[in-house]
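FYI, the numbering for the sequence shown is 155 to 446, going by our numbering.
Just so you know, these hints were derived from the structure itself, not from any lab. Among the clues, some could well be false.
What the hints assert, rightly or not - Think about it this way: if two alpha-carbon atoms lie no more than 27 Å apart in a straight line, the pair counts; the simulated DSS-like pairs of lysine-lysine are:
id, residue 1, residue 2
1, Lys384, Lys271
2, Lys299, Lys271
3, Lys299, Lys384
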Amino acid sequence: MSPDGSKLIDMSGATTHTVPPDLLDKPDPADQTAGVAAAGRQRETHMGFARTLATIAFILALPVTIITTNVRLLANAPVVYGYSFDRYNAEDATGLSRADLNAAARALRQYFNNDEKTFYHTVTEGGLPGPVFNARETRHMEDVKQLIVWVNRLQELSVVFVLAYVVAFFLWARDGEIRQLATQSLIGLALGAVAVGAFAAGTAFGFDATSTRFHEVFFSNDFWLLDPDKDHLIQMFPEAFWRDVTLIFAAMCALEAALIGAFAGIYLMGTRRERRRLTESIDVNASHTQAA
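Put together the whole structure using the sequences plus the hints.
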């Protein structure tokens, strides 16, 4: 070899062979293979971690989607407001006409979906026009709207994530992975059932304590403490109404979870039978091959 490493000379000194320097500097193929394998393992580790995070997010997002969607539906359903006015005789409790009550309910639904910070709506009371809610009630409605806005944003994010996750499964899933989706759905539904069930049980058997705790957790002030003798907000939507709505909400969540759970369970049972038949068929073929 020449001093610069670029030539090889035979023992007789008669022939000189020029060797490209890049070939002499080429790394050992074994080292390359080891490097590629290490990079592949690292990539698989990162992919596995991402899949685990996505799975956990889906399990949590599924019940969140059901819960927040039902809250949004109830908050924007005219029939819910009409139920309170009819069931708890809001006209007598408030002294307002049914037309004013319906108009106030409409204004509330619009308020929950617009950009206005403060709710203001006039009604006729004692022959004179005036705001339907006093200052304390109006301040509480600002807090309620802020909570509803957060619920709406959370609902939108969770719905988008759940749909994207499910679509990704159907587009790129390999054999057997749809079973994983069904299992993950059942786990998420079970978590939601525990949360909603606990809240519904507290409402049914200890409404006052549950309601107080709810307001203390989600509101940083005591504007939610209203006087049923003079405050229209609690006259229009008394505590008994909120107990009813909570139970309706829980029933809606339970029905939707039961439907999703039924589909997931039926799929798991059906594919398990198919896999069992496939396994038995493989065993039979193997035994015939050995006998031959």
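Right, here's what the structure says about each hint:
1. Lys384 to Lys271: holds (24 Å)
2. Lys299 to Lys271: Status holds; Cα separation ~8 Å.
3. Lys299 to Lys384: holds (22 Å)
Checked against the numbered hints listed earlier, the structure breaks none of them; every hint is satisfied.
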